[in-house]
Amino acid sequence: MKSASVHLNLLKDTERLSSSPVRLRVMMPVVALFACLGMALWWAILFTQILMIRAEAQTIDEDVKAKSNAHAEAISRQDQVREMRQQLEQLTYYRNSVRALGKPLAKLAEVMPLKVQLTELSFAPPPFDPPPKPGQKVSPFAPLTNVETQRFVIAGRTTRETPVVALMESLESTNFVTLITRDKRVKSFRQDANAEKGKRRLLTFEVEYTMPERRFAK
Amino acid sequence: MKGGLQSMAPNAKRAFMTTVVLGVVAVAIYLLAVEPAIAALSRERTRLQELKDSQQRMTVDLNSAGTVQKTLEELEAEMKPFAAAELTPLLGSYAMRAKSLLDPMISGAGLSDVEFSEETSRKLPTPLPLPRQLYARAAVRITAKGSYQAIVSFLLMLEKNLPLVSLQSLQIQSQQQPAKQTVTMILEWPTKGALTRK
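Chains as they are written, first to last, in our numbering: chain F, 1 to 218; chain V, 219 to 416.
I should point out that these hints are in silico values taken from the structure, not numbers from a laboratory.
Predicted model, so just to flag it, every value in this text is computed and none were measured.
Just so you know, not all the hints are guaranteed correct.
As the list claims (entries may be wrong) - With a cut-off of at most 25 Å between alpha-carbon atoms, the simulated SDA-like pairs for lysine to any residue come out as follows: (1) V/Lys270 to F/Arg77; (2) F/Lys107 to V/Arg275; (3) V/Lys398 to F/Arg95; (4) V/Lys378 to F/Val111; (5) V/Lys416 to F/His71; (6) V/Lys363 to F/Arg95; (7) V/Lys270 to F/Ile60; (8) F/Lys103 to V/Lys416; (9) V/Lys410 to F/Arg95.
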């Protein structure tokens, strides 16, 4: 005998339970709660770190403040040292340029031939820097060059050429290296136009020597 | 969840609502507390590092203070000869000061008819970095009469007594009397020049 089976589902959809052992409606709030707690814990850790760093910073700040006067003094001394070093460097440029010409000039009198009468010994001051050209960058504090070259002029009278040649040979010795270099030019050698008539024939001469460079450097 | 929130069972609805509220709270904690705390922590770390750097620099500077002091004393000693040689104006005049310094040597050498006049100062090359106080070359022109030996004797005395004075130019012109040669010389001294900054 065939019997008709009737399947009655009396559960509403909302009353149906999940077959999963983990219930989503329990787990979701729990996960959300843990997220909240995690955030709070994270904040607490950060806050603690901030407090610790602030405490450390305060200690260092107090130490820095306590040492600030002594440090300012130390810095001031360092500045003084820097300034003095630079000043000394500039003064050293000057000292290295100083030339002692007393001895060679004294020696000059010793090597002067008897037949030579000097009328002039000179070296002119070096020229000043020319005014800067428009647009030319020039330091307001320093000269254009740190080297000066001057010319030493010896002028005189003689009766013959040979004493002048002898004088020039003597001037090439080591006694005069601080006064002149070997770079020379005979500017003139001629009969003395001012010599009085009837007197002996006189010659005038003028020899120009390049002096050693005066270098303003270390 | 078919049918939306209305069709949910009360328990599920409560769970959903609780989840939403807790999620909002978590986001709020992150946005209002955690994120500002991260920024604050970063700032504090930067400040701490700056303070540490500053403290370290201070410690280094203070530890080297003794050496710096010693160097300063050495430099001051090195500076003394220059300070002594420096030409300072007397009554506003370099020529007056030069006269007061050179008169004994001039009379000792036997030069006469001496005149002093001030020349234009010249600049000295500058080191880098520029010092605050620069130095220059003060120049004084001296004209006198005397024998060649007297002139040389004066120059030798000058070199011995004032070794930082330099002869910038010289002109000796012979005259009828050998003891009355005319000499014109420009002497240079180091002197304080311009200030590069206040």
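Hint check:
Distance check on the hinted pair: V/Lys270 and F/Arg77 sit about 23 Å apart at the alpha-carbon level, within 25 Å; holds. Straight-line distance between C-alpha atoms of F/Lys107 and V/Arg275 comes to about 60 Å, which puts the hinted pair past the 25 Å bound. Between V/Lys398 and F/Arg95 the alpha-carbon distance is near 33 Å, which puts this suggested pair outside the 25 Å criterion. A distance of roughly 23 Å separates the Cα atoms of V/Lys378 and F/Val111; the hinted pair therefore holds under the 25 Å criterion.
Between V/Lys416 and F/His71, the direct Cα distance comes to roughly 22 Å. Compliance with the 25 Å bound is thereby established for this hinted pair. Restraint check: the Cα-Cα separation between V/Lys363 and F/Arg95 comes to about 29 Å, which exceeds 25 Å; the hinted pair is violated. Distance check on the hinted pair: V/Lys270 and F/Ile60 sit about 7 Å apart at the alpha-carbon level, within 25 Å; holds. Between F/Lys103 and V/Lys416 the CA atoms are separated by roughly 44 Å; this puts the pair beyond 25 Å, and the hint is violated.
For the hint pairing V/Lys410 with F/Arg95, the CA-to-CA distance comes to about 15 Å; that is within 25 Å, so the pair holds.
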